[in-house]
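**Q** Just so you know, the sequences run in chain order A and B. So for the first sequence, numbering that gives the first Met the number 0 puts the first residue at 0; every next one is plus one. So for the second sequence, numbering that gives the first Met the number 0 puts the first residue at 0; every next one is plus one.
I should point out that these hints are in silico values taken from the structure, not numbers from a laboratory. Everything numeric in this text was worked out from a predicted model, so none of it was measured. Mixed in with the good hints there might be a few duds.
Said to hold, decoys possible - Straight-line Cα separation of at most 30 Å, DSS-like style, residue types lysine-lysine; simulated pairs:
1) Lys751(A) / Lys10(B)
2) Lys751(A) / Lys82(B)
3) Lys4(B) / Lys884(A)
4) Lys10(B) / Lys448(A)
5) Lys232(A) / Lys10(B)
6) Lys448(A) / Lys4(B)
7) Lys10(B) / Lys433(A)
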Amino acid sequence: MTGTFRTTIESNLINKSKIVNFIFNGDSYQGFEGDTLASALIANGVHLVGRSFKYHRPRGFLGVGVEEPNAMVQLHEGDKSEPNIMATEVEITEGLKARSQNCWPSVKFDIGEINNILNRFFPAGFYYKTFMWPKSFWMSVYEPIIRKAAGMGVAPIKPDPDRYEHNYEHCDVLVVGSGPSGLAAALAAANNGAKVILAEDKAHFGGSLLTDNVTIGNQSGQEWADETINHLKSLPNVIVKNRSQVFGYYDHNMTVMFERVSDHIDNPSEFTPRQRLHYIRAGEVVVSTGSIERPLSFGNNDRPGIFLASAATEYMKVYGTLVGKKPIIFTNNDSAYKAAIEFNKNNIKALILDTRENSDGDLVKEAQSLGLDIKFNSGVADVKGRLKISSATIGKLNSDKDSFSDLEEIECDCICMSGGWTPTVHLSSQAGNKLKFDEDLDAFVPNNKRQKETAVGSANGSFTLKQSLAEGFQVGFDLSNSITSNNKNTTVPTSKESSYQAHDKFWCMPLPEGKKPKRFIDFQNDVAVSDVELAVREGFRSIEHVKRYTTLGMAGDQGKTSNLNGLQHVSNIQKKIVPEVGHTTFRPPYTPVTIGTIVGREVGNHFQPTRKTPTHNWHVENNVVFTNAGLWLRPRYYPRGNETMSDAVNREALNVRKAVGICDVTSLGKIDIKGPDAAELLNRVYTNAWMKLPVGKARYGVMLREDGMVFDDGTTTRLSENHFHMTTTTAQAANVLSHLEFYLQVVWPELKVNVLSTTEQWSGAAIAGPKSRDLMKKLFPSVDFSTEAFPFMGLVETEFSGIHVKLYRISFSGELAYEVNVESNHGLFMWNKIMEVGEEFGIQPYGTEALATLRIEMGHVSGPELDGRAVPYDLGLQGMVSQKKDFIGKRSLEKNAFVDPERQTLVGLVPVDKKTKIPEGAHLVENDKASLPNPKLGHVSSSCWSVEYNNPFSIGVLKDGKNKIGQQLFAVYPLKNISIPVEIVSSHYVDPKGERVRV
Amino acid sequence: MLEIKCPHCGKRSQNEFAYGGDATIKRPKLGEEVSTKDWDDFVYFRDNPRGKHQEFWHHVSGCRQWFKALRDTATHEIFNTAKLEEDL
Ligand SMILES: [Zn+2]
Numbered sequence: 000m001t002g003t004f005r006t007t008i009e010s011n012l013i014n015k016s017k018i019v020n021f022i023f024n025g026d027s028y029q030g031f032e033g034d035t036l037a038s039a040l041i042a043n044g045v046h047l048v049g050r051s052f053k054y055h056r057p058r059g060f061l062g063v064g065v066e067e068p069n070a071m072v073q074l075h076e077g078d079k080s081e082p083n084i085m086a087t088e089v090e091i092t093e094g095l096k097a098r099s100q101n102c103w104p105s106v107k108f109d110i111g112e113i114n115n116i117l118n119r120f121f122p123a124g125f126y127y128k129t130f131m132w133p134k135s136f137w138m139s140v141y142e143p144i145i146r147k148a149a150g151m152g153v154a155p156i157k158p159d160p161d162r163y164e165h166n167y168e169h170c171d172v173l174v175v176g177s178g179p180s181g182l183a184a185a186l187a188a189a190n191n192g193a194k195v196i197l198a199e200d201k202a203h204f205g206g207s208l209l210t211d212n213v214t215i216g217n218q219s220g221q222e223w224a225d226e227t228i229n230h231l232k233s234l235p236n237v238i239v240k241n242r243s244q245v246f247g248y249y250d251h252n253m254t255v256m257f258e259r260v261s262d263h264i265d266n267p268s269e270f271t272p273r274q275r276l277h278y279i280r281a282g283e284v285v286v287s288t289g290s291i292e293r294p295l296s297f298g299n300n301d302r303p304g305i306f307l308a309s310a311a312t313e314y315m316k317v318y319g320t321l322v323g324k325k326p327i328i329f330t331n332n333d334s335a336y337k338a339a340i341e342f343n344k345n346n347i348k349a350l351i352l353d354t355r356e357n358s359d360g361d362l363v364k365e366a367q368s369l370g371l372d373i374k375f376n377s378g379v380a381d382v383k384g385r386l387k388i389s390s391a392t393i394g395k396l397n398s399d400k401d402s403f404s405d406l407e408e409i410e411c412d413c414i415c416m417s418g419g420w421t422p423t424v425h426l427s428s429q430a431g432n433k434l435k436f437d438e439d440l441d442a443f444v445p446n447n448k449r450q451k452e453t454a455v456g457s458a459n460g461s462f463t464l465k466q467s468l469a470e471g472f473q474v475g476f477d478l479s480n481s482i483t484s485n486n487k488n489t490t491v492p493t494s495k496e497s498s499y500q501a502h503d504k505f506w507c508m509p510l511p512e513g514k515k516p517k518r519f520i521d522f523q524n525d526v527a528v529s530d531v532e533l534a535v536r537e538g539f540r541s542i543e544h545v546k547r548y549t550t551l552g553m554a555g556d557q558g559k560t561s562n563l564n565g566l567q568h569v570s571n572i573q574k575k576i577v578p579e580v581g582h583t584t585f586r587p588p589y590t591p592v593t594i595g596t597i598v599g600r601e602v603g604n605h606f607q608p609t610r611k612t613p614t615h616n617w618h619v620e621n622n623v624v625f626t627n628a629g630l631w632l633r634p635r636y637y638p639r640g641n642e643t644m645s646d647a648v649n650r651e652a653l654n655v656r657k658a659v660g661i662c663d664v665t666s667l668g669k670i671d672i673k674g675p676d677a678a679e680l681l682n683r684v685y686t687n688a689w690m691k692l693p694v695g696k697a698r699y700g701v702m703l704r705e706d707g708m709v710f711d712d713g714t715t716t717r718l719s720e721n722h723f724h725m726t727t728t729t730a731q732a733a734n735v736l737s738h739l740e741f742y743l744q745v746v747w748p749e750l751k752v753n754v755l756s757t758t759e760q761w762s763g764a765a766i767a768g769p770k771s772r773d774l775m776k777k778l779f780p781s782v783d784f785s786t787e788a789f790p791f792m793g794l795v796e797t798e799f800s801g802i803h804v805k806l807y808r809i810s811f812s813g814e815l816a817y818e819v820n821v822e823s824n825h826g827l828f829m830w831n832k833i834m835e836v837g838e839e840f841g842i843q844p845y846g847t848e849a850l851a852t853l854r855i856e857m858g859h860v861s862g863p864e865l866d867g868r869a870v871p872y873d874l875g876l877q878g879m880v881s882q883k884k885d886f887i888g889k890r891s892l893e894k895n896a897f898v899d900p901e902r903q904t905l906v907g908l909v910p911v912d913k914k915t916k917i918p919e920g921a922h923l924v925e926n927d928k929a930s931l932p933n934p935k936l937g938h939v940s941s942s943c944w945s946v947e948y949n950n951p952f953s954i955g956v957l958k959d960g961k962n963k964i965g966q967q968l969f970a971v972y973p974l975k976n977i978s979i980p981v982e983i984v985s986s987h988y989v990d991p992k993g994e995r996v997r998v
Numbered sequence: 000m001l002e003i004k005c006p007h008c009g010k011r012s013q014n015e016f017a018y019g020g021d022a023t024i025k026r027p028k029l030g031e032e033v034s035t036k037d038w039d040d041f042v043y044f045r046d047n048p049r050g051k052h053q054e055f056w057h058h059v060s061g062c063r064q065w066f067k068a069l070r071d072t073a074t075h076e077i078f079n080t081a082k083l084e085e086d087l
């Protein structure tokens, strides 16, 4: 059954020839193609869909689109499950499964409803008051219970299997919303040659033209909308998107749009994204987002079966669905009469209650001529029917409208209410527009814009069709013409519509005598009139404070239906006009957006780029374990057989100390520096002297920031008089290049130097160990590797099988070592040759862990020591600081704190038991039993297992470190209750005189 | 996301750029005698105005040129951008 609540007048917007089966709360239902989950459920007479957030009150549908505060469902199952979806925004597909959320064990019998019975214990601010004491109960008792009872939907715990995409667009004019004003603006702008994007949230274009009985030219509103859309789609300069919500308006006219690409399709292709995020940089934005109807506040106005009147009309006209068969229309304005007239077309007579004394608007007259029962000066005081309304208590309002008389109970199965209209100003507000309060409309409208954004139609407070069209065409032409200057104007078509009388400035019904039913303002956060009254009574004045105290407008719907009623109520109590009370700020997103869409394709390996060295596949084939170094994948270690990590690392490090190892050093930053002032630049950025470095020699350099802290280190080689090859650490490669560019372009533009990153141009392999020279001799027989011909810090350029090779005699491991650099595309070839020739010398690859072991044993500083808090002195690098020249950061080194002899300086640390590894990050203290705060003397920065001495070894910084060598301290790690007695030694643990590199 | 006009390349999205701080700061000349106060002013002290601010930007994922921008720190409006040797 596709439902018994269907209209007799058929809608051409749903496809009755295609039946769609779906499941809600375990029961099977049928709807038509084009139905939303909401319209299909209502057609099947299902109104109870969820439980409210705080009191677990039974809730049904209020709206028909993004304004829906109640009907949030959990969609799908398993890894595709999705919580908090508005049933009004979901188009049903074959086999769709949905269920109610926020209820246990079932939507009809919900244990949490006890909160409703106990609601006097849940007043405004109840979180702040009730659960404050005792403090220790908060985390352990109150919070978990509240969470469990008040939880919304459930997030899936498995990865999202769907595909999401991002798209970037630029256009001249973005039009948000395809009602009459939006269509007019898009048409005018497109005809005038502008590149236009038209976005519509719903499946159908046309906005109010789909539900209003109007004519444009000689067509019905809907026909004109269809024709206009077809015309726009045919134009090459227009992109038309339905099911697309522009939810965010950011700086410089950057807007973000969320497109539901395949949610409405049965079994979409796996290559079709589910949803797409569009970043649209628009020259101009036309905000034609329309308006949202305001509810009225009366007793139990949240019961299932109580709708916005406009929603009832749209359910009938667009979805062919009846929200009830015994309706009461309850209104303070003319627009709700449309619902009564539409019911009448389906042979249903509605009772109309109008809070006004009278009205002679066209729609009212039409209703009268249809013989409908209209009661002026009347309203609903209360309703009955907990899971679905069954009757309403209605009555006459007295002249002050503060009490009812002649109360009577009328049977009904739905109430369609209207408290007037609120322009949808969210996007304008997000764009920085200072809104103003329009006292005729009783609503805020855009006023003072900050960005290139123009509201038109009802979003701008222009509620007649004639006005909307005129504004749309004019704005579309003006904005496009400022860009295209085509001067091609589009004629505004004539239009016919009903006239409207003023609304009643009255939204909150008095309570029936002797009763206190809740009159809700914010349905999603369960904020009632009494909560707002309490907040004001307790002294909250600013609307921002009332909002936070009561949580009014703070739910996921951002108060789309509740903000103005809340404001109005505060202003009534305070006897102020609304603009004096102020309004809260709208923030993106306008409607909820899936995390998947925000993330897009940037998941898994696509989360960020991966940089691989030319020898990557060799490492993989040799059982490497990689580590992430920035974006680079670097070999960490190469386990053999059953080796643990420490087994492998110790073997690799020891092989370098005893024989020869090879390490991929491609990821080190490389910068090519050229120009007549190249040496002068180095002299200014490094702390040591560079002018006299001979061609063919490398030098170790340290660079500082202007505040004197060590920024980076590395070796730089003079390739020719005016040409240098600089290396940086892997981590700082990009920052060093930016740093050099800043000084060359901004500070010293007179220097004639160019810098260029060549990191990826060179493939580098470090060959380290006492047998490295023998290996090199065999590999490059034409090169003289004697120390006289090729000394430490020397460069030799040669050829290998026709490949240009740069050999540097530099060392990070502290052993005799060479670095072989070839162009990247020869990197793998060279590496294989080295391995082949090196076999007889016992060559083994070593990774970053062994490299760390080797440099820690030698006391060479690296990232953990260069932590941005160390001046050269702290790291024992004062010998690198030239006294004869100025350089970046030098003046800072004179600061008192930086010459303090008791500064924390680099030391070595050995556990007294020679067994216990000292965790990196451990604090150094004199007495591990001292009362807190225990004075901290320093910390451990890098730890390793010394393969040379076969015991743990660490380096770190220690207050007055040099004078503490030989002393015993404690390395403490309070988080894990670790305390290790340590002996302070020199940071140069192995080969303290540095003889090995020079052999 | 801001849209920044690189004076060399044209309008590009903010994610191609890196911010470089106050463009009115002049580094003391090399080798110059600098008082502690002047040096500290250069290294540490910056105005934090609400409103117009001259600042450096670096077109990192583009032409790699540093340039100047005049931006409103409250509204993010960028009034003008200029090459280093030009006036804002
Ligand atoms: Zn550029």
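**Q** Indicate, hint by hint, whether the structure satisfies it.
**A** Evaluated hints:
1. Lys751(A) / Lys10(B): At roughly 29 Å apart (the allowed maximum being 30 Å), lysine 10(B) and lysine 751(A) satisfy the hint.
2. Lys751(A) / Lys82(B): 18 Å, holds
3. Lys4(B) / Lys884(A): 39 Å, violated
4. Lys10(B) / Lys448(A): 23 Å, holds
5. Lys232(A) / Lys10(B): 29 Å, holds
6. Lys448(A) / Lys4(B): 22 Å, holds
7. Lys10(B) / Lys433(A): 28 Å, holds
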